[in-house]
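Once you know that position 46 of the sequence shown is 46 in my numbering, the rest is easy, because the numbers rise by one and skip nothing.
No lab work stands behind these hints: they were computed from the structure.
We put the beta carbon where it would ideally sit given N, CA and C, even for glycine.
Be a bit skeptical, because a hint or two may be false.
In the SDA-like style, the derived pairs of lysine to any residue whose C-alpha atoms are separated by at most 25 Å in a straight line are [stated by the list, open to error]: (1) Lys-65 x Thr-95; (2) Lys-65 x Arg-48; (3) Lys-65 x Ser-94; (4) Lys-65 x Val-92; (5) Lys-65 x Ala-46; (6) Lys-65 x Arg-50; (7) Lys-65 x Ser-52; (8) Lys-65 x Gly-90; (9) Lys-65 x Val-79; (10) Lys-65 x Thr-82; (11) Lys-65 x Glu-101; (12) Lys-65 x Arg-86; (13) Lys-65 x Thr-76; (14) Lys-65 x Ala-24.
Derived CB-CB ranges, DEER-like [unchecked claim]: (15) Ala-55 x Ala-98: 34 to 40 Å; (16) Ser-52 x Gly-90: 16 to 22 Å; (17) Ala-98 x Arg-48: 37 to 43 Å; (18) Thr-82 x Leu-109: 36 to 42 Å; (19) Thr-78 x Arg-112: 42 to 48 Å; (20) Ala-84 x Val-106: 16 to 22 Å; (21) Ala-69 x Arg-44: 38 to 44 Å; (22) Ala-84 x Leu-109: 33 to 39 Å; (23) Gly-28 x His-104: 21 to 27 Å; (24) Arg-86 x Gly-28: 16 to 22 Å.
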Amino acid sequence: MAAPNPRRPAPARHVLSAPRSEHALDWGDLTAFRAVAEELSFTRAAARLRLSQPALSQRVRRLEKELGARLLQRTTRTVALTAAGRALVGWVVSTENAWAEVRHEVAFLAGRPGPARTAAPAPTAVRATVG
Numbered sequence: 001m002a003a004p005n006p007r008r009p010a011p012a013r014h015v016l017s018a019p020r021s022e023h024a025l026d027w028g029d030l031t032a033f034r035a036v037a038e039e040l041s042f043t044r045a046a047a048r049l050r051l052s053q054p055a056l057s058q059r060v061r062r063l064e065k066e067l068g069a070r071l072l073q074r075t076t077r078t079v080a081l082t083a084a085g086r087a088l089v090g091w092v093v094s095t096e097n098a099w100a101e102v103r104h105e106v107a108f109l110a111g112r113p114g115p116a117r118t119a120a121p122a123p124t125a126v127r128a129t130v131g
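Model the full structure from these sequences, guided by the hints.
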């Protein structure tokens, strides 16, 4: 094997590469999990998503299996988020918000601007709308 050339830089390494998985996360499973996390009830989340309760439970179990972590603590009467569940729901919300921004930006660049949106800190927004 040849010795490395001190004048030639080493090839770049991919530091930020993600591990490859056999299975990609299903966005429907993430949406189902988010609904349960927000409602803290499989019954209400299933009604909100117009899914059967068994189908909703299956989606959440599949997501937990894929991630290798319990996302929810379930009893016969209550549902609570685990630490992993809280982290995941935060990621899901951030990702959905980022996706909405990307879609808006791409539509704008393609010449199809959507409705105008403005953002301001709450006290500023209240002053601007009230007086």
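Is the hinted pair Lys-65 and Arg-50 satisfied, with a Cα-Cα distance of at most 25 Å?
This hinted pair holds, its Cα atoms lying about 23 Å apart.
What's the verdict on Lys-65 and Val-92, does the C-alpha distance respect the 25 Å limit or exceed it?
The given pair, whose Cα atoms are some 17 Å apart, holds under the 25 Å limit.
Cβ separation of Ala-55 and Ala-98, checked against the hinted range 34 to 40 Å
28 Å Cβ-Cβ, so the 34 to 40 Å window is violated.
Would you say the C-beta atoms of Thr-82 and Leu-109 sit inside 36 to 42 Å of each other?
40 Å, holds
Checking one constraint from the list: CA of Lys-65 to CA of Ala-24, max 25 Å. Satisfied?
12 Å, holds
For the pair supplied as a hint, Lys-65 and Thr-95, confirm whether the alpha-carbon distance does not exceed 25 Å.
21 Å, holds
Assess, step by step, whether the Cα of Lys-65 is no farther than 25 Å from the Cα of Val-79, and give holds or violated.
With a Cα-Cα distance of about 18 Å, the restraint between Lys-65 and Val-79 holds, given a limit of 25 Å.
Is the distance from the Cβ of Ala-69 to the Cβ of Arg-44 consistent with 38 to 44 Å?
For Arg-44 against Ala-69, whose Cβ atoms are near 23 Å apart, the range 38 to 44 Å is violated.
Agreement of Lys-65 and Arg-86 with the hint, judged by alpha carbon distance not exceeding 25 Å:
17 Å, holds
Could you grab the alpha-carbon distance between Lys-65 and Thr-76 and see if it respects the 25 Å cut-off?
Holds. Lys-65 to Thr-76 sits at ~21 Å (cutoff 25 Å).
Measuring from beta carbon to beta carbon, are Ala-84 and Val-106 in 16 to 22 Å?
32 Å Cβ-Cβ, so the 16 to 22 Å window is violated.
Lys-65 paired with Ser-52 [C-alpha distance capped at 25 Å]
20 Å, holds
Of the numbered hints stated above, those contradicted by the structure are hints 11, 15, 16, 17, 20, 21, listed in ascending order.
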